[in-house]
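S.K.: One line per chain: the protein sequences are X and U, in this order.
Reminder that position 169 of the first sequence reads as 169 in the UniProt record's numbering, one-by-one numbering, no gaps.
Reminder that position 224 of the second sequence reads as 224 in the UniProt record's numbering, one-by-one numbering, no gaps.
No wet-lab data here; the hints were simulated from the structure.
Using N, Cα and C, we set each Cβ at its ideal position, and we do this for glycine too.
Be careful, since some hints might not be right.
As the list claims (entries may be wrong) - Far from chain U by the CB rule (all over 12 Å, computed), these chain X residues:
#	residue
1	Gly-38
2	Gln-41
3	Lys-80
4	Lys-111
5	Lys-119
6	Ala-120
7	Asp-136
8	Glu-143
9	His-168
10	Gly-197
11	Thr-214
12	Thr-221
13	Arg-223
14	Glu-248
Claimed, not checked - With a Cα cut of at most 30 Å, we get these calculated DSS-like pairs of lysine-lysine:
#	chain 1	residue 1	chain 2	residue 2
15	U	Lys-236	U	Lys-133
16	U	Lys-61	U	Lys-74
17	X	Lys-111	U	Lys-61
18	X	Lys-240	U	Lys-133
19	U	Lys-74	U	Lys-133
20	U	Lys-272	U	Lys-236
21	X	Lys-79	X	Lys-132
22	U	Lys-272	X	Lys-111
23	U	Lys-133	U	Lys-272
Claimed, not checked - Okay, the calculated bits of chain U under chain X, using three or more residues with CB under 8 Å as the criterion:
#	region
24	48-59
25	135-144
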Amino acid sequence: MAGKPNDAPATYSPSLKNKKHPFYKNSDLDWVRPDGRGFHQCRPAFFRTGAVNAASGSAYAELGNTKVIVSVFGPRESKKAMMYSDIGRLNCNVSYTTFATSVRGQGSDHKEFSSMLHKALEGAIRLETFPKTTVDIFALVLESGGSDFPVLISCASLALADAGIMLHDLVAAVAVSSLGSNLVIDPVSEEESYQDGSLLITCMPSRYEVTQLTITGEWSTSRINEAMELCLDACTKLGKVMRSCLKEAASTTTD
Amino acid sequence: MTALSLGERLFIQGGIAQDLRADGRGRLDYRTLYVETGVIPQANGSARVRFGGTDVIASAKAEIGRPTLLQPDKGKVSTHVDCSSTAAPMFEGRGGEELSSELSIALQRCLLGGKSGAGAGIDLSSLIIVEGKVCWDLYIECLVVSSDGNLLDALGAAIKAALSNTGIPRVQVAADAASEEQPEVDISDEEFLQFDTSSVPVIVTLTKVGRHYIVDATPEEESQMSSAVSVSVNRKGHICGLTKRGGAGLDPSVILDMISVAKHVSEQLLTKLDSEISAAESREEDK
Numbered sequence: 001m002a003g004k005p006n007d008a009p010a011t012y013s014p015s016l017k018n019k020k021h022p023f024y025k026n027s028d029l030d031w032v033r034p035d036g037r038g039f040h041q042c043r044p045a046f047f048r049t050g051a052v053n054a055a056s057g058s059a060y061a062e063l064g065n066t067k068v069i070v071s072v073f074g075p076r077e078s079k080k081a082m083m084y085s086d087i088g089r090l091n092c093n094v095s096y097t098t099f100a101t102s103v104r105g106q107g108s109d110h111k112e113f114s115s116m117l118h119k120a121l122e123g124a125i126r127l128e129t130f131p132k133t134t135v136d137i138f139a140l141v142l143e144s145g146g147s148d149f150p151v152l153i154s155c156a157s158l159a160l161a162d163a164g165i166m167l168h169d170l171v172a173a174v175a176v177s178s179l180g181s182n183l184v185i186d187p188v189s190e191e192e193s194y195q196d197g198s199l200l201i202t203c204m205p206s207r208y209e210v211t212q213l214t215i216t217g218e219w220s221t222s223r224i225n226e227a228m229e230l231c232l233d234a235c236t237k238l239g240k241v242m243r244s245c246l247k248e249a250a251s252t253t254t255d
Numbered sequence: 001m002t003a004l005s006l007g008e009r010l011f012i013q014g015g016i017a018q019d020l021r022a023d024g025r026g027r028l029d030y031r032t033l034y035v036e037t038g039v040i041p042q043a044n045g046s047a048r049v050r051f052g053g054t055d056v057i058a059s060a061k062a063e064i065g066r067p068t069l070l071q072p073d074k075g076k077v078s079t080h081v082d083c084s085s086t087a088a089p090m091f092e093g094r095g096g097e098e099l100s101s102e103l104s105i106a107l108q109r110c111l112l113g114g115k116s117g118a119g120a121g122i123d124l125s126s127l128i129i130v131e132g133k134v135c136w137d138l139y140i141e142c143l144v145v146s147s148d149g150n151l152l153d154a155l156g157a158a159i160k161a162a163l164s165n166t167g168i169p170r171v172q173v174a175a176d177a178a179s180e181e182q183p184e185v186d187i188s189d190e191e192f193l194q195f196d197t198s199s200v201p202v203i204v205t206l207t208k209v210g211r212h213y214i215v216d217a218t219p220e221e222e223s224q225m226s227s228a229v230s231v232s233v234n235r236k237g238h239i240c241g242l243t244k245r246g247g248a249g250l251d252p253s254v255i256l257d258m259i260s261v262a263k264h265v266s267e268q269l270l271t272k273l274d275s276e277i278s279a280a281e282s283r284e285e286d287k
């Protein structure tokens, strides 16, 4: 499933604005990433909508070894026990398959992921367009290969678009890991397990608005600046890849 | 939550825009901070912190455990927040669960730093007794007694106060410990090691109402927010963790501005908190 839409850009790596390549002057010059990418190079992104027939909308995403599938159901009637609400509700659920990680049954923080997915998406969805009803988002990580969460968010926003839920914009998410003096974009699992800190941005590329930002580890302000710039640039490009995937899906159905 | 009339909403928004909030504070002023340490005798360290009407208790308990295989040279720390239904009726049963887990994850993110342990507020390697075999498990339990806005900042301050009040017992390891699978340890009940809390960060939550940000928001003000950013900053002025709440998107430049404001505010809060903690500790000794 590694085919790519022809007109889509192959990758969404940010273009370096400053010419001096800050990461080359470091002492650990010979350090290579596990999959041979440059520090500021992202994995090729593959998206496809309509992966699940039963759902109102669904999407499949594959970035390197990270493979996720997201289906969206609804809007459908909220549970009877819920209070009346004049805006729609969003219900997110993230789960891992038992074979997603190398150690069986790992990764217990799905609840955290579910609430973070909710927070990342709610700002982009026009909840007022489906009052009294609930939209369910079910995300499943088929294979965890690093940067699972950003991939999940991007994939979920595509699935929402596929379901015809009104959105302000697609949501693209990119993470950066801080490893020693280097910033590494779109980290794989190995890099994530050694990272000193991480920064995750989810943003709406056309509106240039950040819907969610989380930082762990110790960062100086200038470093946050640098990492945010990298992420936002990559988000803009990822947004284009996602958009072309939607366009392609629309053009095949009209044919 | 708090239902406000249009008039009340406009009053709050207008007040914030004019740098004079409903309770007379400016945008970047905190409510009176009150710290009391050593409130729970059974724990290794504890503290109660009040920000105006918000009242939280944090306790730190150390137990002997085994380090994980992945990190044999480090102890373990877990945080748990309990939102009691005495604080608000909506916390009853499973109602407080979502807020509890959100708060404890945010605290964990601020205290423990990255996966490699860099930038952690608590030095996990100081909790090790015998590498790969015995370590301290530090359980940080927080209780929300009364909720009146700005819970995360109060919890962060309470944990910092509780940790500075924490004494970890000195441990004697039997001489032939290296060979044994589970070495015998002798826990002293007289000698305690003081916990180093100089690198524990404080959390500053900036709530954005209209075009301005405020600190230490009350529930009424929180209901008017478009988004909030919680930044934890340590003594060195480095950011140790950041989370965003609230649905509305923010422009990247606004976020950077909020970070710099949070850094500025955190300096004052740290100094205030440190002096309050030392005052509370001297009060405790006098007793």
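S.K.: Each of the hints needs a verdict: does it hold here or not?
M.R.: A quick look at each hint next to the structure:
1. Gly-38: Holds: least Cβ distance 22 Å, greater than 12 Å.
2. Gln-41: About 22 Å separates Gln-41(X) from the closest Cβ of chain U, which puts it past 12 Å; holds.
3. Lys-80: It holds; Lys-80(X) is separated from chain U by about 17 Å at its closest Cβ, greater than 12 Å.
4. Lys-111: The claim is violated: Lys-111(X) sits with its nearest Cβ about 6 Å from chain U, within 12 Å.
5. Lys-119: About 7 Å separates Lys-119(X) from the closest Cβ of chain U, which leaves it inside 12 Å; violated.
6. Ala-120: 9 Å, violated
7. Asp-136: Given a closest Cβ separation of 17 Å, the condition holds.
8. Glu-143: At about 20 Å from chain U, Glu-143(X) clears the 12 Å cut-off, so the statement holds.
9. His-168: 8 Å, violated
10. Gly-197: Per Cβ check, Gly-197(X) is inside 12 Å of chain U; nearest 4 Å; violated.
11. Thr-214: At roughly 5 Å from the nearest Cβ of chain U, Thr-214(X) sits no farther out than 12 Å, so the non-interface label is violated.
12. Thr-221: 6 Å, violated
13. Arg-223: 9 Å, violated
14. Glu-248: 27 Å, holds
15. Lys-236(U) with Lys-133(U): This hinted pair is violated, its Cα atoms lying about 34 Å apart.
16. Lys-61(U) with Lys-74(U): 17 Å, holds
17. Lys-111(X) with Lys-61(U): 25 Å, holds
18. Lys-240(X) with Lys-133(U): With Cα atoms ~51 Å apart, Lys-240(X) and Lys-133(U) exceed 30 Å; violated.
19. Lys-74(U) with Lys-133(U): 10 Å, holds
20. Lys-272(U) with Lys-236(U): 16 Å, holds
21. Lys-79(X) with Lys-132(X): Satisfied, since the Cα-Cα distance of roughly 10 Å is no more than 30 Å.
22. Lys-272(U) with Lys-111(X): 35 Å, violated
23. Lys-133(U) with Lys-272(U): Judged against 30 Å, a Cα distance of about 40 Å means the pair is violated.
24. 48-59: violated (count 0)
25. 135-144: It is violated, with 0 qualifying residues against the three required.
Consistency with the previously given hints fails for numbers 4, 5, 6, 9, 10, 11, 12, 13, 15, 18, 22, 23, 24 and 25, ordered from lowest to highest.
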